[in-house]
Amino acid sequence: DTEVTQTPKHLVMGMTNKKSLKCEQHMGHRAMYWYKQKAKKPPELMFVYSYEKLSINESVPSRFSPECPNSSLLNLHLHALQPEDSALYLCASSQIAGEGQDTQYFGPGTRLTVL
Amino acid sequence: GEDVEQSLFLSVREGDSSVINCTYTDSSSTYLYWYKQEPGAGLQLLTYIFSNMDMKQDQRLTVLLNKKDKHLSLRIADTQTGDSAIYFCAETYNFNKFYFGSGTKLNVKP
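So the protein lines, in turn, are chains A and B.
The opening position of the first sequence corresponds to residue -15 in this note's numbering, with each subsequent residue numbered one higher.
The opening position of the second sequence corresponds to residue 30 in this note's numbering, with each subsequent residue numbered one higher.
The hints are simulated quantities; they were obtained by calculation from the structure and are not laboratory data.
Do not rely on the hints blindly, as some may be mistaken.
If you only want the chain B side, here are some residues facing chain A, beta carbon under 7 Å, derived [said to hold, decoys possible]:
#1 A70
#2 G71
#3 M84
#4 F117
#5 Y122
#6 F129
#7 S131
#8 G132
Result set (BS3-like, lysine-lysine): computed pairs, CA atoms no more than 27 Å apart in a straight line [said to hold, decoys possible]:
#9 A/K37 / B/K134
#10 A/K24 / B/K99
#11 B/K126 / A/K20
#12 A/K(-7) / B/K99
#13 B/K99 / A/K2
#14 B/K134 / A/K3
#15 B/K65 / A/K24
#16 A/K3 / A/K(-7)
#17 A/K25 / B/K65
#18 B/K126 / A/K6
Note that the structure is predicted; figures quoted are calculated from it, not measured.
Ideal Cβ placement from N, Cα and C applies to all residues, glycine included.
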């Protein structure tokens, strides 16, 4: 099973709303990632969690707040977003190290629209 | 590792072979990947190659790696309309950071 699931599939929110994106994997991976992807562009890394601890934050604005409650779940809490934050948000997971084991497996993404 | 380049578009006829090219800059890259992304979907891992390999074949897919020129290619044999998508190459030399190319949009004409 190489499945990463994300909910919701689509999300429309106003600039004053608070919402959360969820990601789940049951592959035993200990690294999980959030990416932002604008149309016709490659994914841009936002956050990396290793062993449930934040290891990389790519200078993401504080209106995005990640959380890793356990090794299978990753959340992205959204608050006071701007219209330019509208994008496809992708979650990925990988094992930490080893031959081929940093291969990242992606979820289907959440299409976020900020009005 | 941050300058991974791909041509933006490729158009082929159904049944022909497609070759998608990628150049990368970091000679210490450990793995190089190809992902496929269909409209509105996430990235699907197609294949990867370890940096000490020159070639890897998996059914219709052939990956060639030229380390001297830092050039990676993906050949799709007998291309089908279902292969129409955006293809991203990616390199990694740090376990947690991927560097993606800009993506090549493959259009397969019937």
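Here's how the hints hold up against the structure:
1. Interface restraint check: B/A70 against chain A, minimum CB-CB distance 6 Å, threshold 7 Å, status holds.
2. Of the supplied interface hints, the one on B/G71 holds, with its beta-carbon coming within about 4 Å of a beta-carbon of chain A, less than 7 Å.
3. Interface hint at B/M84: violated, since its Cβ lies 16 Å from the closest Cβ of chain A, which is beyond the 7 Å cut-off.
4. Using the Cβ-Cβ criterion of 7 Å, the hint placing B/F117 at the interface with chain A is satisfied: the shortest such distance is roughly 6 Å.
5. Because the closest C-beta pair between B/Y122 and chain A is about 10 Å apart, greater than 7 Å, the hint is violated.
6. Of the supplied interface hints, the one on B/F129 holds, with its beta-carbon coming within about 4 Å of a beta-carbon of chain A, less than 7 Å.
7. Nearest Cβ of chain A to the Cβ of B/S131: about 6 Å, under the 7 Å cut. The hint holds.
8. Annotation: interface hint on B/G132 holds; nearest CB of chain A at approximately 6 Å, less than 7 Å.
9. Taking the CA atoms of A/K37 and B/K134, the gap is about 36 Å. The hint is violated against a cut of 27 Å.
10. Using a Cα cut-off of 27 Å, the hinted pair A/K24 and B/K99 holds, with the two alpha carbons roughly 24 Å apart.
11. With a C-alpha separation of about 14 Å, the suggested pair B/K126 and A/K20 falls inside the 27 Å cut-off, and the hint holds.
12. Simply put, A/K(-7) and B/K99 have alpha-carbon atoms about 37 Å apart, too far for the 27 Å limit, and the pair is violated.
13. Distance restraint check for B/K99 and A/K2: the Cα-Cα separation of roughly 45 Å exceeds the 27 Å cut-off, and the hinted pair is therefore not satisfied.
14. Of the pairs offered as hints, the one joining B/K134 and A/K3 is violated, with about 33 Å between alpha carbons and a cut-off of 27 Å exceeded.
15. About 13 Å separates the Cα atoms of B/K65 and A/K24, which keeps this hinted pair within 27 Å; it holds.
16. Simply put, A/K3 and A/K(-7) have alpha-carbon atoms about 13 Å apart, close enough for the 27 Å limit, and the pair holds.
17. For the hint pairing A/K25 with B/K65, the CA-to-CA distance comes to about 13 Å; that is within 27 Å, so the pair holds.
18. Proximity of B/K126 to A/K6 is assessed by CA-CA distance (about 21 Å); at most 27 Å being required, the pair is judged to hold.
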